[in-house]
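**Q** Sequence:
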Amino acid sequence: MHSIEIRSDLKFMSEVELLVDQVCEDLKLNEDHYGNILIAVTEAVNNAIIHGNNSEEDRKVKIEVEEENKAVTFTVYDEGNGFDFMNLPDPTAPENIEKPDGRGIFLMKNLADDVSFDLNGSKVSITFASKNG
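For the sequence shown, the working numbering begins at 1004 and goes up steadily by one.
None of these hints come from the bench; they were simulated from the model. Among the hints, erroneous ones may be present.
Calculated lysine-lysine pairs in the PhoX-like style (CA-CA distance at most 25 Å, straight line) [to be verified]:
| hint | residue 1 | residue 2 |
| --- | --- | --- |
| 1 | LYS1126 | LYS1112 |
| 2 | LYS1102 | LYS1112 |
| 3 | LYS1112 | LYS1031 |
| 4 | LYS1073 | LYS1031 |
| 5 | LYS1014 | LYS1065 |
| 6 | LYS1014 | LYS1073 |
| 7 | LYS1065 | LYS1112 |
| 8 | LYS1031 | LYS1065 |
| 9 | LYS1126 | LYS1014 |
| 10 | LYS1073 | LYS1102 |
| 11 | LYS1031 | LYS1063 |
| 12 | LYS1014 | LYS1063 |
| 13 | LYS1031 | LYS1102 |
| 14 | LYS1065 | LYS1102 |
Restraint ranges, calculated between C-beta atoms of paired labels, are given here [unchecked claim]:
| hint | residue 1 | residue 2 | range |
| --- | --- | --- | --- |
| 15 | GLU1018 | ILE1100 | 30 to 36 Å |
| 16 | ARG1106 | GLU1071 | 26 to 32 Å |
| 17 | ARG1010 | PHE1120 | 18 to 24 Å |
| 18 | ASN1113 | SER1133 | 15 to 21 Å |
| 19 | SER1133 | ILE1100 | 31 to 37 Å |
| 20 | GLU1020 | ASN1113 | 16 to 22 Å |
| 21 | ASP1104 | GLU1018 | 19 to 25 Å |
| 22 | PRO1097 | ASN1033 | 16 to 22 Å |
| 23 | ALA1132 | PHE1109 | 16 to 22 Å |
| 24 | ASN1090 | SER1017 | 29 to 35 Å |
| 25 | GLU1018 | ARG1106 | 20 to 26 Å |
| 26 | ASN1113 | ASN1033 | 17 to 23 Å |
Heads up, the beta-carbon is just placed ideally off N, CA and C, and yes, glycines get one too.
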């Protein structure tokens, strides 16, 4: 359906936002669904840039979009070594509640219908069931 590749610099996030805009327009998704998709996908790309690629501009982040069975999946790849996605600290735990980071994956899981990791965590797929109108 769609795919883009950006350098690992947050200044390229506008390209990701344009991709989400285009996909949501093509699929005629409602505004509430658009907001959830935008937040979840930008969180995934932020993580890929900052944590996966260590903000090294020569490394790339790829975003692929596929529509299948009335669902849309955004897959984000980075060129890092991955991370232990099975043992993430709970951002809602009292000891973590004041920390400024650590909520990206929690947000993605709460906004999307499915979030899965692959390639040691350097690939994340975020799926949204299609909600038209």
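**Q** Decide, hint by hint, whether the structure agrees.
**A** Status of each hint after checking the structure:
no., hint, in the structure
1, LYS1126 to LYS1112, "15 Å, holds"
2, LYS1102 to LYS1112, "19 Å, holds"
3, LYS1112 to LYS1031, "23 Å, holds"
4, LYS1073 to LYS1031, "12 Å, holds"
5, LYS1014 to LYS1065, "15 Å, holds"
6, LYS1014 to LYS1073, "32 Å, violated"
7, LYS1065 to LYS1112, "20 Å, holds"
8, LYS1031 to LYS1065, "24 Å, holds"
9, LYS1126 to LYS1014, "21 Å, holds"
10, LYS1073 to LYS1102, "37 Å, violated"
11, LYS1031 to LYS1063, "29 Å, violated"
12, LYS1014 to LYS1063, "13 Å, holds"
13, LYS1031 to LYS1102, "37 Å, violated"
14, LYS1065 to LYS1102, "28 Å, violated"
15, GLU1018 to ILE1100: 30 to 36 Å, "33 Å, holds"
16, ARG1106 to GLU1071: 26 to 32 Å, "29 Å, holds"
17, ARG1010 to PHE1120: 18 to 24 Å, "23 Å, holds"
18, ASN1113 to SER1133: 15 to 21 Å, "19 Å, holds"
19, SER1133 to ILE1100: 31 to 37 Å, "34 Å, holds"
20, GLU1020 to ASN1113: 16 to 22 Å, "20 Å, holds"
21, ASP1104 to GLU1018: 19 to 25 Å, "23 Å, holds"
22, PRO1097 to ASN1033: 16 to 22 Å, "36 Å, violated"
23, ALA1132 to PHE1109: 16 to 22 Å, "20 Å, holds"
24, ASN1090 to SER1017: 29 to 35 Å, "33 Å, holds"
25, GLU1018 to ARG1106: 20 to 26 Å, "23 Å, holds"
26, ASN1113 to ASN1033: 17 to 23 Å, "18 Å, holds"
Hint compliance for this structure: hints 6, 10, 11, 13, 14 and 22 are broken, all remaining hints hold.
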